[in-house]
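Colleague: In case you want the letters, here they are:
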Amino acid sequence: MKFTAGQIAELLNGKVEGNKDAIVTNVSKIEDGKPDTLTFLANPKYTQYIYTTQADVVIVDHAFTPEHPINATLIRVSNAYEALAKLMEMYEQSQPKKNGIEQPSFVDKTATLGDFVYVGAFAYVGENVKIGNNTQIYPQVFLGDNVTVGDNTIIYPGVKIYKHCKIGNNCILHAGAVIGSDGFGFAPDENNNFKKIAQIGNVVIEDHVEIGANTTVDRATMGSTLIKRGVKLDNLIQIAHNVEVGENTVMAAQSGIAGSTKIGKNCMLGGQCAIAGHLVIGDQTKVGAQAGIIKSTKDNGPALLGSPAFDISKFNRCYVIFKRLPELSAQLDSINKEIKNLKQ
Amino acid sequence: MKFTAGQIAELLNGKVEGNKDAIVTNVSKIEDGKPDTLTFLANPKYTQYIYTTQADVVIVDHAFTPEHPINATLIRVSNAYEALAKLMEMYEQSQPKKNGIEQPSFVDKTATLGDFVYVGAFAYVGENVKIGNNTQIYPQVFLGDNVTVGDNTIIYPGVKIYKHCKIGNNCILHAGAVIGSDGFGFAPDENNNFKKIAQIGNVVIEDHVEIGANTTVDRATMGSTLIKRGVKLDNLIQIAHNVEVGENTVMAAQSGIAGSTKIGKNCMLGGQCAIAGHLVIGDQTKVGAQAGIIKSTKDNGPALLGSPAFDISKFNRCYVIFKRLPELSAQLDSINKEIKNLKQ
Amino acid sequence: MKFTAGQIAELLNGKVEGNKDAIVTNVSKIEDGKPDTLTFLANPKYTQYIYTTQADVVIVDHAFTPEHPINATLIRVSNAYEALAKLMEMYEQSQPKKNGIEQPSFVDKTATLGDFVYVGAFAYVGENVKIGNNTQIYPQVFLGDNVTVGDNTIIYPGVKIYKHCKIGNNCILHAGAVIGSDGFGFAPDENNNFKKIAQIGNVVIEDHVEIGANTTVDRATMGSTLIKRGVKLDNLIQIAHNVEVGENTVMAAQSGIAGSTKIGKNCMLGGQCAIAGHLVIGDQTKVGAQAGIIKSTKDNGPALLGSPAFDISKFNRCYVIFKRLPELSAQLDSINKEIKNLKQ
Numbered sequence: 001m002k003f004t005a006g007q008i009a010e011l012l013n014g015k016v017e018g019n020k021d022a023i024v025t026n027v028s029k030i031e032d033g034k035p036d037t038l039t040f041l042a043n044p045k046y047t048q049y050i051y052t053t054q055a056d057v058v059i060v061d062h063a064f065t066p067e068h069p070i071n072a073t074l075i076r077v078s079n080a081y082e083a084l085a086k087l088m089e090m091y092e093q094s095q096p097k098k099n100g101i102e103q104p105s106f107v108d109k110t111a112t113l114g115d116f117v118y119v120g121a122f123a124y125v126g127e128n129v130k131i132g133n134n135t136q137i138y139p140q141v142f143l144g145d146n147v148t149v150g151d152n153t154i155i156y157p158g159v160k161i162y163k164h165c166k167i168g169n170n171c172i173l174h175a176g177a178v179i180g181s182d183g184f185g186f187a188p189d190e191n192n193n194f195k196k197i198a199q200i201g202n203v204v205i206e207d208h209v210e211i212g213a214n215t216t217v218d219r220a221t222m223g224s225t226l227i228k229r230g231v232k233l234d235n236l237i238q239i240a241h242n243v244e245v246g247e248n249t250v251m252a253a254q255s256g257i258a259g260s261t262k263i264g265k266n267c268m269l270g271g272q273c274a275i276a277g278h279l280v281i282g283d284q285t286k287v288g289a290q291a292g293i294i295k296s297t298k299d300n301g302p303a304l305l306g307s308p309a310f311d312i313s314k315f316n317r318c319y320v321i322f323k324r325l326p327e328l329s330a331q332l333d334s335i336n337k338e339i340k341n342l343k344q
Numbered sequence: 001m002k003f004t005a006g007q008i009a010e011l012l013n014g015k016v017e018g019n020k021d022a023i024v025t026n027v028s029k030i031e032d033g034k035p036d037t038l039t040f041l042a043n044p045k046y047t048q049y050i051y052t053t054q055a056d057v058v059i060v061d062h063a064f065t066p067e068h069p070i071n072a073t074l075i076r077v078s079n080a081y082e083a084l085a086k087l088m089e090m091y092e093q094s095q096p097k098k099n100g101i102e103q104p105s106f107v108d109k110t111a112t113l114g115d116f117v118y119v120g121a122f123a124y125v126g127e128n129v130k131i132g133n134n135t136q137i138y139p140q141v142f143l144g145d146n147v148t149v150g151d152n153t154i155i156y157p158g159v160k161i162y163k164h165c166k167i168g169n170n171c172i173l174h175a176g177a178v179i180g181s182d183g184f185g186f187a188p189d190e191n192n193n194f195k196k197i198a199q200i201g202n203v204v205i206e207d208h209v210e211i212g213a214n215t216t217v218d219r220a221t222m223g224s225t226l227i228k229r230g231v232k233l234d235n236l237i238q239i240a241h242n243v244e245v246g247e248n249t250v251m252a253a254q255s256g257i258a259g260s261t262k263i264g265k266n267c268m269l270g271g272q273c274a275i276a277g278h279l280v281i282g283d284q285t286k287v288g289a290q291a292g293i294i295k296s297t298k299d300n301g302p303a304l305l306g307s308p309a310f311d312i313s314k315f316n317r318c319y320v321i322f323k324r325l326p327e328l329s330a331q332l333d334s335i336n337k338e339i340k341n342l343k344q
Numbered sequence: 001m002k003f004t005a006g007q008i009a010e011l012l013n014g015k016v017e018g019n020k021d022a023i024v025t026n027v028s029k030i031e032d033g034k035p036d037t038l039t040f041l042a043n044p045k046y047t048q049y050i051y052t053t054q055a056d057v058v059i060v061d062h063a064f065t066p067e068h069p070i071n072a073t074l075i076r077v078s079n080a081y082e083a084l085a086k087l088m089e090m091y092e093q094s095q096p097k098k099n100g101i102e103q104p105s106f107v108d109k110t111a112t113l114g115d116f117v118y119v120g121a122f123a124y125v126g127e128n129v130k131i132g133n134n135t136q137i138y139p140q141v142f143l144g145d146n147v148t149v150g151d152n153t154i155i156y157p158g159v160k161i162y163k164h165c166k167i168g169n170n171c172i173l174h175a176g177a178v179i180g181s182d183g184f185g186f187a188p189d190e191n192n193n194f195k196k197i198a199q200i201g202n203v204v205i206e207d208h209v210e211i212g213a214n215t216t217v218d219r220a221t222m223g224s225t226l227i228k229r230g231v232k233l234d235n236l237i238q239i240a241h242n243v244e245v246g247e248n249t250v251m252a253a254q255s256g257i258a259g260s261t262k263i264g265k266n267c268m269l270g271g272q273c274a275i276a277g278h279l280v281i282g283d284q285t286k287v288g289a290q291a292g293i294i295k296s297t298k299d300n301g302p303a304l305l306g307s308p309a310f311d312i313s314k315f316n317r318c319y320v321i322f323k324r325l326p327e328l329s330a331q332l333d334s335i336n337k338e339i340k341n342l343k344q
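Protein chains in written order, with our numbering: chain A, 1 to 344; chain B, 1 to 344; chain C, 1 to 344.
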């Protein structure tokens, strides 16, 4: 990238203070701003760095009043953080986009591809697969028979999607994600051998969903494992068979949801949390990192922490005392002595 | 699929009540049964749904006595759940099976392939690899030099098996599983740099084992990491170097076993549990979700919970008090006051 | 492999006691030593096995004094464990190394490859990629546009490296690792829909780093996620965007680091531990398995355990009392009764 302060100000509808011809070729954080870069100041905690940063251009709020001289050129906007995010998005979208069918790839003759589709080398597109318009299938992706993928979706390298699964529009699936592997279903026989229960359902991923790298979503035993519109899953998450995740719910990395649990919409799950099977988790539920949920929850309930988890503010009060347990135990001992004395 | 109630009853040795020509084209759960589908009633909790389900055919136990009129056609069998599982398995097995060597793939000229083998496009079959009869190697699988794979085994897309590892008969390895990566072995030198210990062993996976998506099993430093007959591992599990997992042990997703630990047979490990290294875990051990095991256990010991873990029923009794700790602490304070008063 | 005891003694500068022509073809552990193998005795706990092992050759320390007759040939060295590690390394290095460009692979015409590079079949090497000398790119690896990889680095099958990321010299990346996937960054809008924040930074991995199987390292929002020289990451680890991991820090499997946290050098993190975002973790910090760190720590601080974590020795003292909580609660009840009696 290569822009002048003046060009950036125009894109952002901002106002230049300083050299409108200052050139930036990259973006940096204000605390380690490097020459020829653009940075921004949004969080007041970082104000100190604006006086010393070597970045050439800094986006600031209209309201910002410097208390010392500043070397950098400023671009004043109504919201510095949003302006930068918008700029980064414009930059990202200006990047060249891959197009066409790279060779060698495997596209079954019964597959249907939309307009402006990219299929990377070594990608496998099975029988009756349908891919929508403007969708990008990166190298080494596997789309099993009868998979459908919507429009404007990006499937990064090495994603594996088993047969019959459905991926919506405007989704992003990161490298190594596995969609539609068999649910973990076995029935023990009289000799303690486990017999596999066939998993004949699929996975349905609605629109605007993002799935992190190496995350796994198992197919349903029957019916569908369902990831609803707007859900965002981080990396290395496990979603078991027949789970439903409600609209706009977000889960941090390494969390795991056991089979048949239904999670509401607008929930926020912390990293490494676990939710047991066959539960119903209400809308707007918040789960702390490493928490273990073993009971269903109501809509708009309190945030949860602990394993097993309960109300986070109660948990924190308990944990404060937990850290004083040796002292409490010593108090008990001395009380027992006192009472013995009193009784004598 | 497309079956009549009569055909299904015949397959299951069941008895039709209603329209033996009712046609079903899919399977659904009774609580969201859709037209043209087959469902089942096994768990009495779901009995209410049989009166309203739109599924056309419901498999029920011979003993089931309806209390209201039912629209659906019933098929009576001796065990509804088992009948459905059997049907799903028959359906699964009736699906067309891939066969032959898809192109482009890489099969080293020294490799030996059994009869009716499938090797998918972009699969890599290294030097001296041996693949048994009826085994399916999906696209983008990697089989390193000297790997052997038994008969009737399915290796899903993108599985990576490092050199010298051995996979048994009737195994299923799900997409993204990695078998035989180096164990995590390093020795610090005088400058705190870590020097790699060569990992020259392998992984041996016996018969009837299922390995979940993106699960990792490290090769032994020397000798073999061993996954015994009938073991079932869920997704995203870590098995470190030189671990042994006993026959018919099952582990839920995201659990992790540290190096050189030996796990007995018929154990059940909950999700996200962790077992420290160099332990011996007895047969039939049950470990709760998120538990952390730091001591060896005996055969048939109590189930374990907590981190560090101990007897689950003791843990639960302790945890009940943990949740009352602020109250206990307040009691202590008031007791201290009482004693002060009594002493005066 | 096939060596005589005499040849091995020469390699290790050791002294043969017994048959210098004894032949070994593999390595085994002393407790399950098999004929025709070489083993070693370093840990005194295993001394008993030297009298019964069927291994033909055993490496022992000069100081070892047998108390019973030994069948095996001994090789005496100054440090048996180091001698074996050295031997295993020599063995590993004697193995044939792949070389050249296997077909079919995809190497963009703008890519630059060093001398003695291996590029496996179905590997994808994007635009302007630079690969150093003696580096091995296994089959099915993806190197996005503008990726650079240093000298003497091994990238195992199926690793995916997104565009613009940089990998140093003498690194090892295990199968299924994903480097440079998007950081988990979203901003909620007024309708609770999450809007993606473009992630335009990259990942920089310095020299002598090892990354485990299916581990994920996200690219920075802007700037770089940084894994410094000598870091060793085990399998299934999550490193979020803008994290920095200091020199020679090691992390066990399934641990996770949230966004923008800076970890010092020479730290040791246990399996399944979690570190929250935006923290600074001091040098030499030790974190126990399954611990959850929610506060920054100083250099050389105490080891940490618990979730939330604190000083491990304090935690252990608290946990001892936690396990006695039902007893403490009963004591409280009886004290309350005593006091009631005393007051009367």
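Hints in this document: simulated from the structure, not taken from any laboratory. Among these hints, one or two may not hold up.
All copies of an identical chain are treated as equivalent in the list; a pair is satisfied when it fits inside any one copy or across any two copies.
Unchecked claim - Restricting the straight-line Cα-Cα distance to at most 20 Å, the calculated cross-link-like pairs of lysine to aspartate or glutamate (EDC-like) are:
{"#": "1", "residue 1": "K262", "residue 2": "E82"}
{"#": "2", "residue 1": "K196", "residue 2": "D207"}
{"#": "3", "residue 1": "K195", "residue 2": "E67"}
{"#": "4", "residue 1": "K163", "residue 2": "E327"}
{"#": "5", "residue 1": "K130", "residue 2": "D189"}
{"#": "6", "residue 1": "K166", "residue 2": "D61"}
{"#": "7", "residue 1": "K286", "residue 2": "E338"}
{"#": "8", "residue 1": "K286", "residue 2": "D333"}
{"#": "9", "residue 1": "K166", "residue 2": "E206"}
Colleague: Given identical chains, is K166 near E206, meaning Cα to Cα at most 20 Å, within a copy, between copies, both, or neither?
Modeller: within (8 Å within a copy, 34 Å between copies)
Colleague: When no copy is specified for K286 and D333, does a C-alpha distance of 20 Å or less occur within a copy, between copies, both, or neither?
Modeller: neither (40 Å within a copy, 34 Å between copies)
Colleague: Pop the pair K163 and E327 into one bin, within, between, both or neither, using alpha-carbon distances up to 20 Å.
Modeller: For K163 and E327, neither the intra-copy (59 Å) nor the inter-copy (55 Å) Cα distance is at most 20 Å.
Colleague: Between K195 and E67, at a C-alpha cutoff of 20 Å, which is it: within one copy, between copies, both, or neither?
Modeller: Result: close neither inside a copy nor across copies, 72 Å intra and 34 Å inter.
Colleague: Classify it for me, K196 with D207: is the Cα-Cα distance of at most 20 Å met within a copy, between copies, both or neither?
Modeller: Classified as between; 14 Å across copies, 32 Å inside a copy.
Colleague: 20 Å Cα cut-off: does K130 pair with D189 within a copy, between copies, both or neither?
Modeller: Neither way: K130 and D189 sit 41 Å apart in one copy and 32 Å across, limit 20 Å.
Colleague: Within a copy, between copies, both or neither: where do K286 and E338 come within 20 Å Cα-Cα?
Modeller: Cα proximity of K286 and E338: none, with 46 Å in one copy and 41 Å across.
Colleague: First find the shortest C-alpha distance between K166 and D61 inside one copy, then the shortest across copies, and answer within, between, both or neither for a cut-off of 20 Å.
Modeller: This pair counts as neither: shortest intra-copy Cα distance 44 Å, inter-copy 34 Å.
Colleague: Regarding K262 and E82, is the shortest C-alpha distance of 20 Å or less found within a copy, between copies, in both, or in neither?
Modeller: neither (34 Å within a copy, 25 Å between copies)
In summary, the structure is inconsistent with hints 1, 3, 4, 5, 6, 7, 8 from the numbered list given earlier, while agreeing with the others.
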